[in-house]
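*Asks:* With chain A fixed as given, assemble chains B, C and D onto it according to the hints.
Residue numbers (my numbering), protein chains in the order written: chain A, 1 to 341; chain B, 1 to 341; chain C, 1 to 341; chain D, 1 to 341.
Derived by calculation from the structure, the hints in this document are not laboratory data.
A portion of the hints provided could be inaccurate.
Pairs involving identical chains hold if they fit within one copy or between any two copies, as the list cannot separate such chains.
Unchecked claim - Only pairs whose alpha carbons sit at most 27 Å apart, straight line, appear in this in silico DSSO-like list of lysine-lysine:
no.	residue 1	residue 2
1	Lys61	Lys27
2	Lys27	Lys6
3	Lys70	Lys6
4	Lys206	Lys160
5	Lys70	Lys199
6	Lys61	Lys6
7	Lys206	Lys339
Note that this is a predicted model, so its numbers are computed, not measured.
Chain by chain, the residues:
4 protein chains.
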Amino acid sequence: MIIAIKRGVAESELEDFSRFLEGQGVKVHLSRGVSQTVLGLVGDTAAIDGEALSAHHLVEKVIRVQEPYKRANRIFHPDDTRIELKAPDGVLRRVGGGCLGIIAGPCSVETREQIIALARAVKEAGAGFLRGGAFKPRTSPYSFQGLGPAGLDLLLEAKKETGLPVVTELMDIHHLELFEDVDIIQVGARNMQNFSLLKELGRCKKPILLKRGYASTITELLMAAEYVMAGGNSRIILCERGIRSFDPYTRNILDLSAIPALKRQSHLPVIADPSHATGLAWMVPSMAKAAIAAGADGLIIEVHNNPEAALCDGEQSITPDTFASLMGALRGLADIEGKVL
Amino acid sequence: MIIAIKRGVAESELEDFSRFLEGQGVKVHLSRGVSQTVLGLVGDTAAIDGEALSAHHLVEKVIRVQEPYKRANRIFHPDDTRIELKAPDGVLRRVGGGCLGIIAGPCSVETREQIIALARAVKEAGAGFLRGGAFKPRTSPYSFQGLGPAGLDLLLEAKKETGLPVVTELMDIHHLELFEDVDIIQVGARNMQNFSLLKELGRCKKPILLKRGYASTITELLMAAEYVMAGGNSRIILCERGIRSFDPYTRNILDLSAIPALKRQSHLPVIADPSHATGLAWMVPSMAKAAIAAGADGLIIEVHNNPEAALCDGEQSITPDTFASLMGALRGLADIEGKVL
Amino acid sequence: MIIAIKRGVAESELEDFSRFLEGQGVKVHLSRGVSQTVLGLVGDTAAIDGEALSAHHLVEKVIRVQEPYKRANRIFHPDDTRIELKAPDGVLRRVGGGCLGIIAGPCSVETREQIIALARAVKEAGAGFLRGGAFKPRTSPYSFQGLGPAGLDLLLEAKKETGLPVVTELMDIHHLELFEDVDIIQVGARNMQNFSLLKELGRCKKPILLKRGYASTITELLMAAEYVMAGGNSRIILCERGIRSFDPYTRNILDLSAIPALKRQSHLPVIADPSHATGLAWMVPSMAKAAIAAGADGLIIEVHNNPEAALCDGEQSITPDTFASLMGALRGLADIEGKVL
Amino acid sequence: MIIAIKRGVAESELEDFSRFLEGQGVKVHLSRGVSQTVLGLVGDTAAIDGEALSAHHLVEKVIRVQEPYKRANRIFHPDDTRIELKAPDGVLRRVGGGCLGIIAGPCSVETREQIIALARAVKEAGAGFLRGGAFKPRTSPYSFQGLGPAGLDLLLEAKKETGLPVVTELMDIHHLELFEDVDIIQVGARNMQNFSLLKELGRCKKPILLKRGYASTITELLMAAEYVMAGGNSRIILCERGIRSFDPYTRNILDLSAIPALKRQSHLPVIADPSHATGLAWMVPSMAKAAIAAGADGLIIEVHNNPEAALCDGEQSITPDTFASLMGALRGLADIEGKVL
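With the rest of the complex left out, here is chain A (with noise of 0.2 Å):
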């Protein structure tokens, strides 16, 4: 930490200020300039609050060298964090650490016929994990909230046919006993930073899909990651969802240089999320294949039977023959990518 001194502070105020400083616990190295003096923080400085020395009359900026998330960092951590997990059709599931994991599935739970029918079509095409949403976030409180329970029920009975884990969104954490037999716990975009449910699920044992906020930077993400490994959780899988942009062209914009900046700064799993970034069926393919180029460790993406008739976001659903074809484009990437699909 870097912390650039107003101009004319007498010497004994710097003084001062250092001893304050060290009583934090940092070392501080001062370097006086005939027009600028600086004073560099050396130990633990992410217990120092930036925010806070910024409003210390001495100070004119505070500049953070090292980044404030430790458990997420791949400095701490230099190898590869690999999700496993091992289905009920034997299988072994597995996300990050050259392994590409492919979640696919409706965006709600509808009917038993219509989640087990999916969740063949994507397995036989090559999807490793299904997913599927019952309590749905949505922004009018009069469209379909999910069929709640009932739907976590048909979830998992989808999962029990066909041996897939399944994958799906909390978003309330007295929900939290309903998610037994679920596999992965999501994280909404829009709860990203709801640190309450953040805290309960670092004492999950469940991994977690913690997918970016719309307007959350890398950092934000990674702190949010932190808050669950804080708890003792330290398995989390990434995701890029898309973020806000003045363009209204696509719903957000599939922000893909998230996924080289999160794999140098973590060593998480990052996949990527194309139906939600662009909610535009026809655009999925594409940003698919460019996510992987791009180094994602896998994908969620939306599968519907009948999209015109899905009871929330049918624009973005591809279809299961859609899907089983871009599957194979994925595999191709896979190979280029040196990665196992």
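*Replies:* Below, chains B, C and D alone, put in the same frame as chain A:
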């Protein structure tokens, strides 16, 4: 709601589609042009899911002419809503409907002395409400998270001492019972779309201070209010507190055009938070005055007697002296705007 | 300028690098910590190319403490710059340094009758300058592009009739000779970084109204002013006219925090354009008042006697009556701000 | 074009308004509902100024169903446009229509040795075009502005030596005569809406590489192309080079969804610039591959033999070795995409 139909659709398909739409309780008017066919939907279109319709194979584009919010909509409630609170000191405190409500106090409650001294100072300067955080949403799990229940107790002591009603943030629905003597419950920007929390607050009898998410649209903020109102609680104060932009100069951009926009679309009172928006204490007075000139019904401002020792967000806190002199300028503005301060 | 050095750099490499930097005319102060080594550069660092340095193999991060602009920088010119013009009617028209300059008129010059009638109306209401476009930057090549030289002639006729100095946009440096009798030359938002144009205007003797690009930072706007000032022309009025955001409610977001920011960083006068920023006539008065309350030195406002028949941007033009009543409110605000209107 | 009419408009007013619209050469279809009246406009609506209409007192909202661009629109030109150039070495160089065009070279031309060595290196690695800046748009007037005409001469010498066609940026229309032997003229992001420049280039016979402004929408980029095409020059290559966002991690966000979007809306070839978008050399290969996987028709990449000594933008330049190994990966991707590299 207007639906533009794709080219080359057969008459019989259009008739089927119109019947399907009319089955959802609306009337359909067909306008067939040489190169463009359009359906106009009339009636209770708020219940129709435009996104789902967009996926229909006949549909090119869905355009919503009416807003998706009802209870928050000024069309259905032309008069301003005014939030009124009988404060412990017997004064009727008011926000909206021609009354300016000024909420002031520290970012975090730190000590008994601090909060009581600040409460007295802001009351004397003319504030109508005391703010102070007990539970703090912080980006880092390693930053100070607030004093928790003990902080709430200190805040309520300051309420007793000064007679000022208090405003504080609720992050976790489990804490609701601790908030019995809190006067106004704040929902922070990061929780604006925490729909579980909003639904619970719909069942609560207290006024809600609902902050705009830092990348939420005007419509999304009103839909978040609608979640609370749909549950039966209509006492909501909306708060503009800055949106994300590409310029790092200020922490966020205080979007003052949101104030006339929200007041045109809705009957709910609208206030501004210049402290969190800018993150810069020296900028707070300018932006506070600008907010009132733009038509705001009040302000929420961070005041600290020793900003450099503040445990959080000191950089953006003004001193009690600056606050008192700002209040002087605001009285002049209130006169120009024809409002009661 | 502060340079954070990568880990594990040898002493001899650091010495070579320091000598290389000192060869560029600055002094280098070394601060070597346990986990972080930092170089502090002192002297004329504006001439050092921080981006180029960032690519050096020893460098982790380059942090600029001083702003890259000099002539526009308040540090080197603490007093407010005031733009003064002896108008044809003998009145001294002023912007900045405690004087509010109000520029009003139609988006485009359309007819002799229109521009003269509007010039009279805005002068009577208290405007100090007349605006009117002859060359219009339009997104579509098929939209009305302005009357060109004929429009300029009509504008100058209105100047003669009313004695108001005129402001109009220059898009093409070839037109400069046509602008001989124009009082203030406007550079539009889309041309803020048209460096060829800025360099030419540096050789010109007239005041320049420089609009902020709709995705330009505070620093970039000041660097654009620096281009003109580096050529010898220091009579620049900066103009905030809205930045792009994710919310389609207003055309752009009028960033009023840019006003105190620019006035703190620079001595140049700063005005706001609420008409182009919002695109909504009904919102113009609120945002005009807010801009003055935020500390603006003036406004540029579109006024049209028949907005619905306007050849461009009618949606954002207010009528002469609305303008006159707005001027009344602005006089009250000028008193509060201690400025001359 | 669809016009939603305000409530309570009299039949006679509507008739007058319809006649007024029909006078502009379109057919008007009226759809009157219980709570909403809608006019559908059919015919050549590109000539109608939607913004002007929005100001009409009967109008609530104007919605454009058809795109405002014609010559750039795929609807009126369904086949891909391919830009072909007979290079001095006799090879036919192609971009678009199934052919990947790779443009590589330094940010700035610096010396004879540099540009010729780099030209040879990128040609050997498989690039089809040489880039190199002679006139550089720099944010600061004090930064290196390029070698100017001398730089252009060196670039043309490298063209003669290697036979590669050259691409370089034009900032000032006065320089056009110097560009006689340049093969492709680049318009930079900051000049995307420099309409004077675009109009001049419409009269020119050379292919234009048109970069997207960093806060321009898909539609605005196509309208900028339309300015050139309206002047008679249809040989345009569109280039996505990153848009502004709230996250400082990368310089800009490379918006790869713009690639399928532009290719769906237009027949023009679309390439990507991962160097300027990210500003980070280590990220360039990932984003280059992602762009091709997303459907791009080519790339423009900065290559420098000594990035740390580069006079501009060294931080984002890859070395010739990295470029050669990237080309290997791109060949695999070209096969998957069924394109010729």
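*Asks:* Confirm or reject each hint.
*Replies:* Hints versus structure:
| no. | hint | result |
| --- | --- | --- |
| 1 | Lys61 x Lys27 | both (18 Å within a copy, 21 Å between copies) |
| 2 | Lys27 x Lys6 | both (20 Å within a copy, 19 Å between copies) |
| 3 | Lys70 x Lys6 | between (30 Å within a copy, 19 Å between copies) |
| 4 | Lys206 x Lys160 | within (18 Å within a copy, 46 Å between copies) |
| 5 | Lys70 x Lys199 | within (16 Å within a copy, 35 Å between copies) |
| 6 | Lys61 x Lys6 | both (8 Å within a copy, 21 Å between copies) |
| 7 | Lys206 x Lys339 | within (25 Å within a copy, 43 Å between copies) |
Taken one by one, the earlier hints all hold for this structure without exception.
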